[in-house]
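Enquirer: Sequence:
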Amino acid sequence: MVGLTDTYVKTYLKDGDRRLQKRKTRVTRHSQEPQYNQTLRYAASDALGRSLLVMVWERQRGFEHNIGMGVAEINLSKLEQGHKTQHGWYRLLPVSSVVRVDSDSGDSVR
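So that you can map any letter, position 38 of the sequence shown is 38 in full-length UniProt numbering, and since no number is skipped, the others follow by simple counting.
Possibly wrong hints are sitting among the right ones.
[Claimed, not checked] In silico EDC-like links for lysine to aspartate or glutamate, alpha-carbon gap of 20 Å or less:
1) K78 <-> D6
2) K24 <-> E58
3) K14 <-> E73
4) K24 <-> D6
5) K24 <-> D46
6) K22 <-> E58
7) K78 <-> E58
8) K78 <-> D15
9) K84 <-> D46
10) K78 <-> E33
11) K84 <-> D6
12) K22 <-> D46
13) K14 <-> E64
14) K84 <-> E73
[To be verified] So the derived label-pair ranges between C-beta atoms look like this:
15) D6 <-> L40: 16 to 22 Å
16) R61 <-> R18: 15 to 21 Å
17) K78 <-> H30: 32 to 38 Å
18) Q60 <-> Q35: 17 to 23 Å
19) H30 <-> H83: 35 to 41 Å
20) K84 <-> F63: 40 to 46 Å
Since the hints were made in silico from the structure, they are not lab data.
For every residue, glycine included, the Cβ atom is placed at its ideal position computed from N, Cα and C.
Input sequences plus hints: build the corresponding full structure.
Expert: Printed below as a string of structure tokens:
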């Protein structure tokens with residue numbers, strides 16, 4: 001199965017450089033075009049004035065660290081204007097541009 005990967009999405013609610021809360025999708029296995037179709041909820045009151053860091057990871061087998069595939073940081077300022085949700089397409093940047101090693105899960109940037 002060359003080219004097929006096991007991926008998942010991890011999100012963090014951020015205040016400046018601090019990561020406050022984390023949510024994660026289930027792993028989507030053996031796909032080149034994964035669809036997660038899952039809702040990751042954060043309280044709107046917790047999100048006010050903050051940003052959401054969204055990272056896509058490739059899960060590795062055995063003792064290898066998972067590989068960061070891309071990241072987007074989304075400003076949640078629209079929530080302050082009374083919106084409960086924020087929809088859109090966001091360009092994924094290299095994970096190394098904004099992410100440190102995620103020591104709680106064995107994920108690392110390569």
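Enquirer: Which hint numbers does the structure go against, in order from smallest to largest?
Expert: Numbers 1, 7, 10, 11, 13, 16 - these are the hints that the structure violates, sorted from lowest upward.
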